[in-house]
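Residue numbers (our numbering), protein chains in the order written: chain A, 1 to 526; chain B, 1 to 232.
Check before you lean on any hint, since a few could be wrong.
To be verified - Okay, the calculated bits of chain A under chain B, using three or more residues with CB under 8 Å as the criterion: (1) 126-138; (2) 389-399.
Stated by the list, open to error - The list that follows gives simulated cross-link-like pairs (lysine-lysine, BS3-like), each with its CA atoms no further than 25 Å apart: (3) K327(A) to K155(B); (4) K19(A) to K124(A); (5) K23(B) to K106(B); (6) K206(B) to K165(B); (7) K352(A) to K207(B); (8) K139(B) to K431(A); (9) K207(B) to K165(B); (10) K139(B) to K327(A); (11) K20(B) to K86(B); (12) K139(B) to K86(B); (13) K431(A) to K363(A); (14) K23(B) to K327(A); (15) K207(B) to K155(B); (16) K363(A) to K206(B); (17) K86(B) to K363(A); (18) K431(A) to K20(B); (19) K86(B) to K106(B); (20) K165(B) to K352(A); (21) K165(B) to K155(B).
If you are wondering where the hints come from, they were derived from the structure by calculation, not from laboratory data.
Cβ atoms here follow ideal geometry from the backbone N, Cα and C, with glycine treated the same way.
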Amino acid sequence: MSERNKGEDVWLKLNRIPKYIWVTLGITLLTILLHVIGISDDLVNVGLIYLFPVLISAVYWGMGPAIYAASLSVVAFDFFFVPPYLSFTVEDLRYIFSFVVYLAVAVLTASLAGRLRQQLEVVKQREATTNSLYALSRQMTAVTDLHTLLGNIARQVSMTLGASAALYLPNVQGELQVTSSSKDSDSTSWGEGEAEVAIARWVYKHGEIAGRGSSSLRESAGLYVPLRTEDQIHGVLAVNLESSDLQEQREELRLLEACGGLAASAIARVKLAEEARIAQVTAESERIRTALLDSVSHELRTPLTAIIGSATGLLENDSLFAPEDRKELTGNIRDGALRMNRLVTNLLGMVKLESGMLQLRRKWCDVGDMIGIVLSQVQQFIQHRRIRVELPDQPSFVSGDEVLLEQVLVNVISNAIKYSPEDSEIVITVKVDDLHGRMTIVVADTGVGIPEADRERVFEKFYRSESSRHVTGTGLGLAICRGIVEVHGGTITAEPNPGGGTRVCICLPIEEPEASFTYMGQGEEE
Amino acid sequence: MTATQGARILIVDDEPQIRKLLKVTLQAHQFEIHECADGEEAVIQASIVHPDLIVLDLGLPGISGMDVLQRIREWSQVPVIVLTAKDREEDKIAALDGGADDYVTKPFGMGELVARIRVALRHVAKTTDEPVLRFGPLKIDLAQRQVDLDGSPVKLTPTEYEMLKVLATHAGKIITQRQLLQQVWGGHHHESDSHYLRVYVGHLRKKLQEDPTRPRFIQTEPGIGYRFLLQD
Numbered sequence: 001m002s003e004r005n006k007g008e009d010v011w012l013k014l015n016r017i018p019k020y021i022w023v024t025l026g027i028t029l030l031t032i033l034l035h036v037i038g039i040s041d042d043l044v045n046v047g048l049i050y051l052f053p054v055l056i057s058a059v060y061w062g063m064g065p066a067i068y069a070a071s072l073s074v075v076a077f078d079f080f081f082v083p084p085y086l087s088f089t090v091e092d093l094r095y096i097f098s099f100v101v102y103l104a105v106a107v108l109t110a111s112l113a114g115r116l117r118q119q120l121e122v123v124k125q126r127e128a129t130t131n132s133l134y135a136l137s138r139q140m141t142a143v144t145d146l147h148t149l150l151g152n153i154a155r156q157v158s159m160t161l162g163a164s165a166a167l168y169l170p171n172v173q174g175e176l177q178v179t180s181s182s183k184d185s186d187s188t189s190w191g192e193g194e195a196e197v198a199i200a201r202w203v204y205k206h207g208e209i210a211g212r213g214s215s216s217l218r219e220s221a222g223l224y225v226p227l228r229t230e231d232q233i234h235g236v237l238a239v240n241l242e243s244s245d246l247q248e249q250r251e252e253l254r255l256l257e258a259c260g261g262l263a264a265s266a267i268a269r270v271k272l273a274e275e276a277r278i279a280q281v282t283a284e285s286e287r288i289r290t291a292l293l294d295s296v297s298h299e300l301r302t303p304l305t306a307i308i309g310s311a312t313g314l315l316e317n318d319s320l321f322a323p324e325d326r327k328e329l330t331g332n333i334r335d336g337a338l339r340m341n342r343l344v345t346n347l348l349g350m351v352k353l354e355s356g357m358l359q360l361r362r363k364w365c366d367v368g369d370m371i372g373i374v375l376s377q378v379q380q381f382i383q384h385r386r387i388r389v390e391l392p393d394q395p396s397f398v399s400g401d402e403v404l405l406e407q408v409l410v411n412v413i414s415n416a417i418k419y420s421p422e423d424s425e426i427v428i429t430v431k432v433d434d435l436h437g438r439m440t441i442v443v444a445d446t447g448v449g450i451p452e453a454d455r456e457r458v459f460e461k462f463y464r465s466e467s468s469r470h471v472t473g474t475g476l477g478l479a480i481c482r483g484i485v486e487v488h489g490g491t492i493t494a495e496p497n498p499g500g501g502t503r504v505c506i507c508l509p510i511e512e513p514e515a516s517f518t519y520m521g522q523g524e525e526e
Numbered sequence: 001m002t003a004t005q006g007a008r009i010l011i012v013d014d015e016p017q018i019r020k021l022l023k024v025t026l027q028a029h030q031f032e033i034h035e036c037a038d039g040e041e042a043v044i045q046a047s048i049v050h051p052d053l054i055v056l057d058l059g060l061p062g063i064s065g066m067d068v069l070q071r072i073r074e075w076s077q078v079p080v081i082v083l084t085a086k087d088r089e090e091d092k093i094a095a096l097d098g099g100a101d102d103y104v105t106k107p108f109g110m111g112e113l114v115a116r117i118r119v120a121l122r123h124v125a126k127t128t129d130e131p132v133l134r135f136g137p138l139k140i141d142l143a144q145r146q147v148d149l150d151g152s153p154v155k156l157t158p159t160e161y162e163m164l165k166v167l168a169t170h171a172g173k174i175i176t177q178r179q180l181l182q183q184v185w186g187g188h189h190h191e192s193d194s195h196y197l198r199v200y201v202g203h204l205r206k207k208l209q210e211d212p213t214r215p216r217f218i219q220t221e222p223g224i225g226y227r228f229l230l231q232d
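Start from the sequences, fold in the hints, and give me the full structure.
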C-alpha cells in the first residue's frame, strides 16, 4: 500500500466513527437483551446470535466495522457469558479454541459480505456514469445549433461530475477561447483565468490529456481533455476537479474522456451540417441568380421589344398605318408596359419579402370586400371566363395586411385565368371554420392542372412547371404568395380540382375581433 | 360634360416626359394647361394662374409635394389630384388627410386620370346645397333623412345613415378611414378603429343590396378608405 493510501485509511476511519459507535451500541444492547431473556447458559446459541451484528455491519458498512463487531462480540461473549462471568479469564481452555474459530468465521463472512457490498457500489457508480453519458449523448443529438450545443455539454458535464466545466474552441483567428462554461448565475466562472486558458492551449496544441489525475501537469486544479475526432481536434473540455482520491480521479478521467469523445463528435456533426447548409445556400443563391438573370432578361426584353418596335413603327411610318393598325400598335405598347409593370412589381415584392422589409400592418379585413377589389383589378384580363364567388352569409373578417392579402389573391386568380381555357368557370369559395379559428379561400379553375411532382415546387422562386413553359411568367407570383401567407401564419397549397384543373387553397388563421365591439344593428335608435 | 371643359389645370411634376404626356393628352381633352417643375414655383403659379385644378407630383426637388399642398391649402380650396410613384398607403393617406382630393399612382392609365379630373371638377360645381341626392336607383333625401332604393325606403340606423351621407355628399371622392371616423363618430380615432368602419360598411352594403364582390355604390380603396361611386 502506498504512503498516500495509508493516510487515506486513517482519514476514512475517522469518518466512520459513527458506524463504530452504532456497532458498539448494538452489541451492548444485544448483550443486555440476551441476559434479560435468560438464555445466558446456552452458550452455543449465544455465540450464534453474536454473529448477527457482524453480518449486519458487513452488509451495511463494510469490512472494518464487521471485524470490529467480531472482536467486540468475542470480548463481550467471553466477559459476560463464559464462566467465570464478568472476567476475561476462562474456565476451560477449549473456549479459547472456540473464540479463534468464531473470530475466523466472523472475519471470513464479513470480508465476503464487504466485498459484495463494494462491488455493488462500483456497479452503481458505473450505472450512474452510463446514465449521464447516455443523457449527454441524447441531448447532443437533438441540438443543431452549435452555441446551444456547447452550453448543453458544459452544463451536463458539470452536473455529472459535480464540478464547474468549461469548453474551449478556436475562434475565427484559430486562437483558443472559452466559448461555454457552466456559469453559476453571476460569479465569474472557472476556466476564464489566464492559467486555465494557457493549459487548454497546450492541450489543444498537443492533443493530450493534462491536469489532475493525468500524466502531465498533474499539479493544476483542472483536468483538460482534447475534443478529438479521427482527424481533428475541435477544442478542449476542462473541469475543475477537487477530489484527491486516486480511484475517484481515475473514474472521473474515464468519464471525462467519454464525455470529450461525445462532445467532439457532436461538434463535428454540427459543423458538418453547417457546412452542408452553407454549401446548399450558396448553390441555391447561385441557381436563383442565374434564374433571375435569365428570366429578367427574357421577361423584360420581350415587352420592351414590343414597345420599342411598335413606337418606332408609329413614329417613322405614321402615314402607312390605317387607324386600326395604329390602334393595335398603341395597344401593343400599353400591353407591353403593363406586363413590365407587373414584373417590376413582383420583383420589388420579392426583394421586400426577402430582405425582411415586409412589415405586416394587420387590420380587420372583410374578405368579400377584398375579393371585390381583386376582381376589379383582374377585370381587364378575365376575357370570357366566368368568375363565381361563394361567400358565407355573414361578412367574414380576417386579421391581416389587406394590401398584401389582395396581392396574394390577385396572383392566384391571375394564375387561374392564365392557365384555364376561355369560357371556363373559376370558382372562389370562402369558408370560415370558427371551431378551428381558420378561414379557407379556395380558388378553383378547370385549366391544365399541375402535375403531382410540381405541386410543392410551384411555390418556389423562379420555378416554372415544364407543362406551362409556353405561358409567359417569371415564376415569382406564387413564391410571393407563399411568403405573404406564411408571414400571416397561414398556409397555401395547390391540389387537383376534382373536376379537372387546379385548386389553390389559402388557409389563414382568424381571431375573434375585439370582444368589446359588437355591431349594434338592432340596438340603435331609428 | 360642358361644365368641365376649358378648365385651367396646373401640372406640377419634375419629369419633363410626364409633363409632356400630361400636357398633350389633357390639351386633347380641351383643358387649358399650365405647367411647372418645382414646388416653389408651383405655389407662386397657383396664386397667379388661379387654376381650376392642380395635378401635383409628390416627389419634387426642393420643397416636397406635401409642403406644396399644405401651402396651397392655407388660402385655396382648389381641387388637387396627387400623382405619386409611392405606392405605400401611408403616403396616400397623408396626402388625402392633408387636403388632397384624390390620388393617382404611377404608372397610371390616362383614361383614369381624365375621369378623376372630371369628377374633381364636377364636385366643385356641385357643392351648392342640394337637399336630395340621386345616384341611379338610390335617392338620399338629406332634409327628410330618408333613403330610397328603387322607390322603396331603406331602413338605416343613424350611424349607417351618417356614413352614407358623408360618402354620398363627397361622391366620386375618396374619404379616408380617418375622415370617415371623424365625421361620423367625431373625436379622435385610432387606426385600429377601422374595424368599426368595415363592419358598418358591410351592413350598409347589405341594406343597399350590394354584392361586396361587385360594389355598385360604395367602393373600397384598399388600406385607404372608401369612395362613393358616381352612377353614370
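Do the hints match the structure? See the list:
no. : hint               : result
1   : 126-138            : violated (count 0)
2   : 389-399            : holds (count 4)
3   : K327(A) to K155(B) : 49 Å, violated
4   : K19(A) to K124(A)  : 22 Å, holds
5   : K23(B) to K106(B)  : 16 Å, holds
6   : K206(B) to K165(B) : 16 Å, holds
7   : K352(A) to K207(B) : 40 Å, violated
8   : K139(B) to K431(A) : 35 Å, violated
9   : K207(B) to K165(B) : 15 Å, holds
10  : K139(B) to K327(A) : 41 Å, violated
11  : K20(B) to K86(B)   : 21 Å, holds
12  : K139(B) to K86(B)  : 37 Å, violated
13  : K431(A) to K363(A) : 19 Å, holds
14  : K23(B) to K327(A)  : 21 Å, holds
15  : K207(B) to K155(B) : 8 Å, holds
16  : K363(A) to K206(B) : 21 Å, holds
17  : K86(B) to K363(A)  : 21 Å, holds
18  : K431(A) to K20(B)  : 50 Å, violated
19  : K86(B) to K106(B)  : 8 Å, holds
20  : K165(B) to K352(A) : 40 Å, violated
21  : K165(B) to K155(B) : 14 Å, holds
In this structure, the earlier hints numbered 1, 3, 7, 8, 10, 12, 18, 20 are contradicted, and the remaining ones agree with it.
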